[in-house]
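There are 2 protein chains.
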Amino acid sequence: MSVGLLVVGSIALDSVATPFGETADAPGGSAVFFSAAGVILHPVQVVGVIGTDYPPGALRALEARGVDLSGVERAQGESFRWKAKYSYDLSSRETLETRLGVFAEFRPKLPAKFRDARYVFLGNIDPELQLGVLDQVKHPELVACDTMNYWIHSKRDLLLELLRHIDILMVNDSEARELSGDWNIYRAARWILARGPRLTVVKQGEHGALLVSAEATFKVPAYPLQEVFDPTGAGDAFAGGFMGYLASTGDLSDASLRRAMVYGAALGSFAVEAFGVEGLADVTLADVRARVRAFRDLVHFDMDEANRA
Amino acid sequence: MSVGLLVVGSIALDSVATPFGETADAPGGSAVFFSAAGVILHPVQVVGVIGTDYPPGALRALEARGVDLSGVERAQGESFRWKAKYSYDLSSRETLETRLGVFAEFRPKLPAKFRDARYVFLGNIDPELQLGVLDQVKHPELVACDTMNYWIHSKRDLLLELLRHIDILMVNDSEARELSGDWNIYRAARWILARGPRLTVVKQGEHGALLVSAEATFKVPAYPLQEVFDPTGAGDAFAGGFMGYLASTGDLSDASLRRAMVYGAALGSFAVEAFGVEGLADVTLADVRARVRAFRDLVHFDMDEANRA
Numbered sequence: 001m002s003v004g005l006l007v008v009g010s011i012a013l014d015s016v017a018t019p020f021g022e023t024a025d026a027p028g029g030s031a032v033f034f035s036a037a038g039v040i041l042h043p044v045q046v047v048g049v050i051g052t053d054y055p056p057g058a059l060r061a062l063e064a065r066g067v068d069l070s071g072v073e074r075a076q077g078e079s080f081r082w083k084a085k086y087s088y089d090l091s092s093r094e095t096l097e098t099r100l101g102v103f104a105e106f107r108p109k110l111p112a113k114f115r116d117a118r119y120v121f122l123g124n125i126d127p128e129l130q131l132g133v134l135d136q137v138k139h140p141e142l143v144a145c146d147t148m149n150y151w152i153h154s155k156r157d158l159l160l161e162l163l164r165h166i167d168i169l170m171v172n173d174s175e176a177r178e179l180s181g182d183w184n185i186y187r188a189a190r191w192i193l194a195r196g197p198r199l200t201v202v203k204q205g206e207h208g209a210l211l212v213s214a215e216a217t218f219k220v221p222a223y224p225l226q227e228v229f230d231p232t233g234a235g236d237a238f239a240g241g242f243m244g245y246l247a248s249t250g251d252l253s254d255a256s257l258r259r260a261m262v263y264g265a266a267l268g269s270f271a272v273e274a275f276g277v278e279g280l281a282d283v284t285l286a287d288v289r290a291r292v293r294a295f296r297d298l299v300h301f302d303m304d305e306a307n308r309a
Numbered sequence: 001m002s003v004g005l006l007v008v009g010s011i012a013l014d015s016v017a018t019p020f021g022e023t024a025d026a027p028g029g030s031a032v033f034f035s036a037a038g039v040i041l042h043p044v045q046v047v048g049v050i051g052t053d054y055p056p057g058a059l060r061a062l063e064a065r066g067v068d069l070s071g072v073e074r075a076q077g078e079s080f081r082w083k084a085k086y087s088y089d090l091s092s093r094e095t096l097e098t099r100l101g102v103f104a105e106f107r108p109k110l111p112a113k114f115r116d117a118r119y120v121f122l123g124n125i126d127p128e129l130q131l132g133v134l135d136q137v138k139h140p141e142l143v144a145c146d147t148m149n150y151w152i153h154s155k156r157d158l159l160l161e162l163l164r165h166i167d168i169l170m171v172n173d174s175e176a177r178e179l180s181g182d183w184n185i186y187r188a189a190r191w192i193l194a195r196g197p198r199l200t201v202v203k204q205g206e207h208g209a210l211l212v213s214a215e216a217t218f219k220v221p222a223y224p225l226q227e228v229f230d231p232t233g234a235g236d237a238f239a240g241g242f243m244g245y246l247a248s249t250g251d252l253s254d255a256s257l258r259r260a261m262v263y264g265a266a267l268g269s270f271a272v273e274a275f276g277v278e279g280l281a282d283v284t285l286a287d288v289r290a291r292v293r294a295f296r297d298l299v300h301f302d303m304d305e306a307n308r309a
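Read top to bottom, the protein sequences are chains S and C. Per the numbering used here, the first sequence starts with residue 1, numbered consecutively. Per the numbering used here, the second sequence starts with residue 1, numbered consecutively.
Please note: incorrect hints may appear among the correct ones.
Identical copies carry no separate label here, and so any pair may be met within one copy or between two of them.
[As the list claims (entries may be wrong)] Each computed SDA-like pair below joins lysine to any residue, with the alpha-carbon atoms no more than 20 Å apart:
hint	residue 1	residue 2
1	Lys155	Gly57
2	Lys85	Trp183
3	Lys85	Asn184
4	Lys113	Asn149
5	Lys83	Gly181
6	Lys85	Asp116
No wet-lab data here; the hints were simulated from the structure.
Working from the sequences, and respecting the hints, build out all of it.
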C-alpha cells in the first residue's frame, strides 16, 4: 500500500498580472500548486476550504490525476482571493489585494482516512493551525512546513513551538533571514536546525534551492529557462515535487533527499512556464524525469585525474 | 614547455571598508587578483602599470609564487587608487573614490617573451586597449575578456568589434543584461554568443557562475561560506582560477571547461574569506583541490534506478 501524502494549505482564486499576460480568478493557493505538482509523482490528499462561489469543476482536473479532495470543505461565504502584479523582469511583485473570505475562519479537519498519512506538508497558514493539523495525524514519518514573514512576526512563539515537531522547514531566503535574524543564509539554516528540524530547505527563486542538514549542504540551481511567464506557485510546486518524490520512494537517505531537491526544482520550473497551475496540467512523469536528467547535465562535472580522492 | 598565461589589467591600491574591517592602500586591481589566484595553478605573466608611489615589495609575494612582473611598467605619477564601502550584508557597495593616476594613460606594451602567450585574459580596461593587446599576441589559443558598464555605454562599437576576436566574454549578470538589452540571463548569454565568442561566462556573485555555449549550459554555485569578509576581487580571482586551470591542462574540452568553472569558483571563494588578496596568499594547490571536491559534494546527485538514461 502506498503511503499517504497529505497537504494542508490555501485554495485560492488568483488574479495575476505579469508583462506577458494575466489571469482572473484562476485556481491557485499553496495546496493547489503543491498537489498539481506532487500528484505527478504520488497520490496527494488535500485539506482546505473553498467558498460557495468557487467554480464547480475548477479542481476537477486535479481530481482526475489522483488528487483526493475529500478534505476540501465548502463553507458559506467567499473564497480566498489574491491579486498581484509582477515587475517587468518578474523579480518582484506587488500584492494588490488579499481577501481571506472563508479562509479567515479555516479550522482544518482531517477526514478519518487522511489521519494515516505518513508524509505531511503544512502549507503557509497560521502556525497554530499547523500544530492542530499535526495533532490529527496518527504516525507522521516526515513533516515539512512552510511559513511566511507575517507569522514570523505575529506568532513567533507558536512558530518556534512548531519547529520542535517538524522534520523540515521549507522557506524562502528572506524568511530564513527574518526568522533567524542572520543575513548569512548558511548560518540562518543552521540556526533553524538548532530549533528542531533535521533539515532546512531554503527556496531561492531564480537561484534554485538549498538543502542544509547537520551533515551536508546540497544546492540545486533553478532550471535555465529562456521564457518565464508566471512565478506564482513555484515554491509550492517545488514542495510538491520534493515531497511527492520522497513519498513515491519511501527513501529518506541523503541520496534520495538530494534527488527530491532536483525533482522539486524540476516541478518548480514547469510551474513557471505558464500561467497559474496550467504549466503543470499536462506534465507527465516522463517529462519530469527528462528534466531531472537535464538538471544533471547542468551541474555535473567529473573530477580530473589528479584530483580523485 | 608550459604555455604562457597572460593577464592585462589594473594594478591598484585599494581602500575597502566592510562591516568586518578595512584596508588602506592595499594591493588590488584585476591583474593582481587574477594572478594571485591563477598562479596557484599555473605561472602567470602580468602587464600593467604602477605609479612611483607604489610600495616597493607590495607585489613581491606574487613574484615569489611564480608571477612574472616584467610587463609591469613603473610610470611617473600616482598609482591607481580605488576606495569603496560595502553594505552590512556585503550585497552592495558604494565606490567612494576612483583616482586613475598613471592608469589613465596606460598603453599596454607586451615584453617580447609575453607575445608568445597562448592563454590571454583581458581584464576590464578600455576595449580599444584590449584590442591593442590582442594585436601584440602572436598565436593566442584562448582569449577571455572582462568589461564593465562604463565601456558598454561609452565604447559599445569597439566592444562589439572586440567580441569578434575573443573566445570567452566573462561578465557579471548586470553587465550581460546591459550589453544585450535582455533581462533574461540565458537569452543575454546567447545574444553575446551570436556576436562572436564561443563561450559566455556570467559571474553571479553569491549565486555562482554560469557557462553558456551553443551546445551546453553549466552552472556552478558559490561555495557555502558562513563567513565572508571582503567580496572585492572575487570575479578576477574566479577568472584566474578558470584560466589557470585551463592553461595548466591545455584541455579545452567540455569536461575541462566545466572543471575550470569549478576551479574558478573555488578561487573566488578563497578570495572573499579575507581582506584584499590576503585570502589567496597562503592557499596551496592541495587546498584548491580539496575545495573542488567539496563543490562536487555540494552539487552531486545520483540518478534513481528508474531514471538512468
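**OP:** List in ascending order the numbers of the hints, as given earlier, that are violated by the structure.
**Re:** 1, 4, 5 and 6
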